[in-house]
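Chains as they are written, first to last, in my numbering: chain L, 1 to 325; chain R, 1001 to 1325; chain H, 2001 to 2377; chain Z, 3001 to 3377.
Hints may be right or wrong, so weigh each one.
Reference listing, derived: stretches of chain R covered by chain Z, where coverage requires no fewer than 3 residues with Cβ under 8 Å from a Cβ of chain Z [unchecked claim]:
{"id": "1", "region": "1034-1043"}
{"id": "2", "region": "1072-1085"}
{"id": "3", "region": "1100-1112"}
{"id": "4", "region": "1136-1144"}
{"id": "5", "region": "1253-1259"}
No farther apart than 25 Å at their CA atoms in a straight line, the calculated lysine-lysine pairs in the BS3-like style are these [stated by the list, open to error]:
{"id": "6", "chain 1": "H", "residue 1": "K2297", "chain 2": "H", "residue 2": "K2217"}
{"id": "7", "chain 1": "L", "residue 1": "K286", "chain 2": "R", "residue 2": "K1046"}
{"id": "8", "chain 1": "L", "residue 1": "K253", "chain 2": "R", "residue 2": "K1280"}
{"id": "9", "chain 1": "R", "residue 1": "K1046", "chain 2": "L", "residue 2": "K280"}
{"id": "10", "chain 1": "H", "residue 1": "K2326", "chain 2": "H", "residue 2": "K2297"}
{"id": "11", "chain 1": "L", "residue 1": "K286", "chain 2": "L", "residue 2": "K253"}
{"id": "12", "chain 1": "R", "residue 1": "K1124", "chain 2": "H", "residue 2": "K2112"}
{"id": "13", "chain 1": "R", "residue 1": "K1046", "chain 2": "R", "residue 2": "K1019"}
{"id": "14", "chain 1": "Z", "residue 1": "K3166", "chain 2": "R", "residue 2": "K1046"}
{"id": "15", "chain 1": "H", "residue 1": "K2297", "chain 2": "R", "residue 2": "K1323"}
{"id": "16", "chain 1": "L", "residue 1": "K253", "chain 2": "L", "residue 2": "K323"}
{"id": "17", "chain 1": "R", "residue 1": "K1280", "chain 2": "L", "residue 2": "K280"}
{"id": "18", "chain 1": "L", "residue 1": "K245", "chain 2": "L", "residue 2": "K280"}
{"id": "19", "chain 1": "Z", "residue 1": "K3112", "chain 2": "L", "residue 2": "K124"}
{"id": "20", "chain 1": "H", "residue 1": "K2217", "chain 2": "H", "residue 2": "K2295"}
{"id": "21", "chain 1": "H", "residue 1": "K2331", "chain 2": "H", "residue 2": "K2297"}
{"id": "22", "chain 1": "R", "residue 1": "K1245", "chain 2": "R", "residue 2": "K1280"}
{"id": "23", "chain 1": "Z", "residue 1": "K3376", "chain 2": "L", "residue 2": "K286"}
{"id": "24", "chain 1": "H", "residue 1": "K2326", "chain 2": "L", "residue 2": "K46"}
{"id": "25", "chain 1": "L", "residue 1": "K19", "chain 2": "H", "residue 2": "K2295"}
{"id": "26", "chain 1": "Z", "residue 1": "K3112", "chain 2": "H", "residue 2": "K2217"}
{"id": "27", "chain 1": "L", "residue 1": "K280", "chain 2": "L", "residue 2": "K253"}
{"id": "28", "chain 1": "H", "residue 1": "K2376", "chain 2": "L", "residue 2": "K280"}
{"id": "29", "chain 1": "R", "residue 1": "K1286", "chain 2": "R", "residue 2": "K1323"}
Listed next, with one range per pair, are the computed distances between beta-carbon atoms [stated by the list, open to error]:
{"id": "30", "chain 1": "Z", "residue 1": "A3335", "chain 2": "R", "residue 2": "K1046", "range": "55 to 61 Å"}
{"id": "31", "chain 1": "Z", "residue 1": "E3361", "chain 2": "H", "residue 2": "G2373", "range": "25 to 31 Å"}
{"id": "32", "chain 1": "Z", "residue 1": "R3286", "chain 2": "H", "residue 2": "H2354", "range": "43 to 49 Å"}
{"id": "33", "chain 1": "Z", "residue 1": "E3361", "chain 2": "H", "residue 2": "D2364", "range": "38 to 44 Å"}
{"id": "34", "chain 1": "Z", "residue 1": "H3354", "chain 2": "R", "residue 2": "E1047", "range": "42 to 48 Å"}
{"id": "35", "chain 1": "L", "residue 1": "L248", "chain 2": "Z", "residue 2": "L3369", "range": "26 to 32 Å"}
{"id": "36", "chain 1": "H", "residue 1": "H2354", "chain 2": "L", "residue 2": "E183", "range": "55 to 61 Å"}
{"id": "37", "chain 1": "H", "residue 1": "D2041", "chain 2": "Z", "residue 2": "R3286", "range": "52 to 58 Å"}
{"id": "38", "chain 1": "R", "residue 1": "K1046", "chain 2": "H", "residue 2": "E2337", "range": "30 to 36 Å"}
Hints in this document: simulated from the structure, not taken from any laboratory. For each residue, glycine too, the CB sits at the ideal point set by N, CA and C.
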Amino acid sequence: MTELTLVQAVNRGLFEAMKSDPDVLILGEDVGVNGGVFRATEGLLKEFGAERVIDTPLSESGIVGAAIGMALYGMKPVAEIQFVDFIYPAFDQIVSELAKFRYRSGGQYPCHVVIRTPYGGGIKGGLYHSQSPEAYFAHTAGLKVLIPSNPADAKGLLLTAIHDEDPVLFLEPKRIYRSVTGEVPDGDHRVPFGLASTVREGSDVSVFAYGAMVPVAAQAVDALGAEGIHAELIDLRSLVPLDEKALLASVEKTGRAVIVHEAPRFCGYGAELAAILAEKALYSLKAPVVRVTGFDTPFPYALEHLYLPNAERVAHAIRTTAKAA
Amino acid sequence: MTELTLVQAVNRGLFEAMKSDPDVLILGEDVGVNGGVFRATEGLLKEFGAERVIDTPLSESGIVGAAIGMALYGMKPVAEIQFVDFIYPAFDQIVSELAKFRYRSGGQYPCHVVIRTPYGGGIKGGLYHSQSPEAYFAHTAGLKVLIPSNPADAKGLLLTAIHDEDPVLFLEPKRIYRSVTGEVPDGDHRVPFGLASTVREGSDVSVFAYGAMVPVAAQAVDALGAEGIHAELIDLRSLVPLDEKALLASVEKTGRAVIVHEAPRFCGYGAELAAILAEKALYSLKAPVVRVTGFDTPFPYALEHLYLPNAERVAHAIRTTAKAA
Amino acid sequence: MPTQPLYRKLRSERRSNSVADPTPSTAVDATGAEARIPSTDLLGVYRMMVTSRVVDERCLTLQRQGRIGFYVPMQGQEAAQVGCTWALSPEDWIFPAYRELGVALTRGVPLKLLLDQFIGNSGDALKGRQMPNHYGYRAFRFVTASSPVGTQIVQAVGTAMAARRKGEPIVTATFFGDGTTSSSDFHSGLNFAGVFRAPTIFFCQNNQWAISLPREKQTRSETLAAKSVAYGIPGVVVDGTDVHAVYGAVAKARELALAGGGPTLIEAQVYRLGPHSTSDDPRRYRSDEELNAWKAKDPIARLKHELLADGQLTEEADHEVWESTKAEVAKALAASEAMAPVQPRTMFEDVFAHIPLALEEQRDQFEALSAPGATKP
Amino acid sequence: MPTQPLYRKLRSERRSNSVADPTPSTAVDATGAEARIPSTDLLGVYRMMVTSRVVDERCLTLQRQGRIGFYVPMQGQEAAQVGCTWALSPEDWIFPAYRELGVALTRGVPLKLLLDQFIGNSGDALKGRQMPNHYGYRAFRFVTASSPVGTQIVQAVGTAMAARRKGEPIVTATFFGDGTTSSSDFHSGLNFAGVFRAPTIFFCQNNQWAISLPREKQTRSETLAAKSVAYGIPGVVVDGTDVHAVYGAVAKARELALAGGGPTLIEAQVYRLGPHSTSDDPRRYRSDEELNAWKAKDPIARLKHELLADGQLTEEADHEVWESTKAEVAKALAASEAMAPVQPRTMFEDVFAHIPLALEEQRDQFEALSAPGATKP
Ligand SMILES: Cc1ncc(C[n+]2csc(CCOP(=O)(O)OP(=O)(O)O)c2C)c(N)n1
Ligand SMILES: Cc1ncc(C[n+]2csc(CCOP(=O)(O)OP(=O)(O)O)c2C)c(N)n1
Ligand SMILES: [Mg+2]
Ligand SMILES: [Mg+2]
């Protein structure tokens, strides 16, 4: 075990994967000499050389397209998109190609690319350095989507992703890259797909969150303990595949659900969670489902602290839900 | 009134708009000399000339980007994307630019572009000529999203879109381009944003659909009448803004909801509808919400008739929902 | 056998009276020993071109008869496709677009396998998932095509980079049309290839049209090959109706790539003699005169005349080539049409390596509903 | 005043021992009468360059002090930006990237308005919505920037097409960096401009670096201007530290565009003397030697020496230029820092022309929650 920040855990995960498997390589903008604009790839160029840590021209469709070609050949490329806000030039390669290669070829061409990219607000990044577009990718059949909320999961999920056979979008909550530290298992630590993690046990309300919203929700949950409201906090971390069992089991127990994410509400990932509850846990629900999310606007700069769900807003939602008849 | 097919209604809508406003122009691949691969722009080049009906090079980001530039200058460009499956190279221009221009400029730069594009399955188009990606766009703050299900709405919604001040994605159900005909008001016929239409009144179950799923759902609803199940069928047609009032009013009446769309289920548009019901109509719901949708796979070719929701699947869902305790 | 120069020289012409006019000069180096199609191969090349034509014509008919759902013909592009593929090694990876029948056949993909794909039956390697023409076969290093144009270009570059890293002495060859040079991934692919000196051959079949858009309206570039200048890589124009020219250009590009010299952009000037696809009516946008002028340059006729002149072929032998090919096609078609349809259950496979729980649930519900009587009240 | 040729000639060099090597020759036409900056304008040009430098340095300090959140400096690019904008008409539309301070100032955007944007206060025309440097002002025909690189390039082409259709005799000018030439929209923008002969000036500031990627690794194109060949449009390389050269090239491109001759790609060779942004540490990737070599070519020093030699400027007058500029900046800053913050309520405006019902609901809930005591149990 080593105490690491989240971004260090990502770095260690990459290091571990590259050390154990010569087919793993990294490509992206500023990932080599510069070590990544967030230093996630720091030191890797020196350790593994320019053939495996590749600084690319400024073209996201180039990065993902080339990674796909490498994967078709049997390599395990890990592509970095500098900010998820800049992933859209690669959207065609991701949605039309990466997600569909195995299917469209009848299983002949698996296409195992991991795309790592920082997402989310809270660093005063304004419209284009703050987005949380996980719903686009979760809606795209053929992609797995992971979002860690702590250093151990960051490393464990990343290693699972790199050693998987399917394409994975790995979203890193950059807001807590450095503010959250934790013990991270050394070596080949893996956290499986499709397994949520219970952050707080509780019986009154179920709270579902992921990424940088997990510590925010935890703060709210902890504060409410004093009021006698015992919320259960579940960190989904694997958005696709989703741990539906954990979602349903918790709501069957509590009868109440609050869903938290940064992305705009309309057609966000939270909609799917609420929909599953309306389909499969309706008779357990004692109160309306509540979503605490970003607003249905682009992400603002000066007012980001008001845009992002904070512990107060989450607590308010939990409280309301707990009391709803 | 004139009896038209859906694609003819689109064509008439374009004609009407171009005739009444010299700032309306069309650009896209094969829209001019060829009249569009579905003939939606047939005759317009001859009528309005090559300065207003522009055949572009093969670049969707070019088409949308240029349309944005025209709109900034005050024109009203209507961009055609040949199939919505090919919209992804323009995704960055749509999501990062078109949807956010007004907001990011503090209201200085409205950006009124209409993007028309055929969507959906049922024409044996396989993975890349069949997609229904409405959820991506509905999740993108700043875009309006319209999907007509009949000729009159096609013309009326299109004219509303072209004369609006905001960017609009106008998805045309190509499967019923020619199979559905209907009376279309002549002249400047408009159907407003945010207003659903009740296709069948009923009291037992609410069925929500749009586009090519409306006739499919209508078939199911009509068949069930014989079984004594009276379902209400609502055609949403304006996905953003959504007619939430109509959604809630119907479910308050029936207590039961079936949602139908072609797109994959996970994080699809139907999830938002179900989520709104779980939030705002929970106490009215007498039965679990049911979604009848495409499967969470890419769109297949040989088996598309099994992939697409059909009247039988919809009827089964309505029947089950009607009977659920 | 032709002894004329294999490349058509590019002229440097001024196009506009501009401030600072570029004088594009995609120089063509026609010096040095040209690789030539071995004389003993020529009948094989010819047969392959004829096979392409026969299959193509048969498929157009099948589509009209409703026996296949859609078809993208390639008539007029036989010399370009067969000549290019002939110059590749079977180990080289091919990244096609949707019009590469001649490439697939030359690569050795069995006719029946292709027909199975066009029909989308249980013999289809793609499990009936894609429209006709979007085939691909791992065993033949022929990557499964998609419809969005250009995406394969940059993928081919990635594969080339990977192969070089793995030390395999191969190239990747990617096929695309004139219209596709306007796509985003043409730009990213060629730029990446230039920067990383990827052993990739960019084989652009300029068939003069992108559906209804003529080449001149696609780009103001003097030639498509001239676009290579933007990426610092060699660009070559060849007469794509001349199988020797194509073969020579590709062989040379391949040699260069294997020697570490990086990629080459080849523009093969051809003509699409048929419609864009069975959904298209080219009379809406192009003239009979233009069509007829290019019909006079039919690449198959051209090679036939050469072989006749050369004594390698007689009219009777030629007749036999066509007839035996037709018989082969008929046989393969019969076998293909006898295949069972794809199983509904397969629709849920291959989204991921293993079917996730939620999709299993969808499949099970689907199968329960498909059971006889399941949807009755 | 310089009499040396304004353009740096491009050489046609062979770069590789390839099969068919292109010899890029983005010819530069230096004949004909060069447009020159009117002599009486030169002090104004100089003052604008100095102002850019002063604001830039002040903002770096403000960021370190936490008074603004982020900053993108442009030191080293003053001659390119001021020279280019000087050659434009105020009616021309500008499509900037995020590093165009000198362009904005030259266009006449008041200092305080810019500082309001950097701070994101209630004076900000953007209502505090964007990071510093992403400003835009409709009244100045200076389009609001975004972060994704390259998107503005093709938009500028669309606006140019629209303006021509409306009969307004203007051009659009779009600004971007060397790295951005690799973006998809560089390709679509230049290709559209070529095909439609859009009156657009593509002004590429090649500052040698895209964050940590040096120009040589961005593309193997001999020059960035040479990429114009791919679009059949003129391409020009200018020494971007020479304000005369820049002015001349832009003026000529503008004249050409207005005469219906279409777009021009101009590559201004400059150097980013500072970090990419305040989040960047250039010592990680580039050498002091390189930096110092370029510092010796400081465009402001260059123009100063010329003005001194010319007698238009004295050391004292120069001192006065710097001091008065600093005073102006201090005054604007004080005014800007005195502004109220943006109102929370504004966050919900401008998503659409009118706030839709669902968003009104979100706003009302938000305001209810923000009321004092609202979130207490
Ligand atoms: C991204 C994208 N946009 C549009 C289409 C529709 N489309 C299919 S083929 C085609 C023309 C392609 O022309 P070209 O590249 O010259 O190839 P050709 O068909 O002539 O072989 C178009 C526009 C597509 N497949 N992909
Ligand atoms: C599409 C996209 N990808 C990545 C980024 C992150 N990024 C910001 S600036 C930059 C480098 C741009 O280099 P260049 O075009 O040379 O302009 P410069 O910053 O040197 O002025 C990068 C990679 C971005 N803004 N947009
Ligand atoms: Mg073509
Ligand atoms: Mg740069």
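Self-check item: Hints that the structure is at odds with (numbers, increasing)
Solution: Result: hints 1, 5, 7, 9, 15, 21, 24, 25, 26, 31, 34, 36, 38 break, sorted rising.
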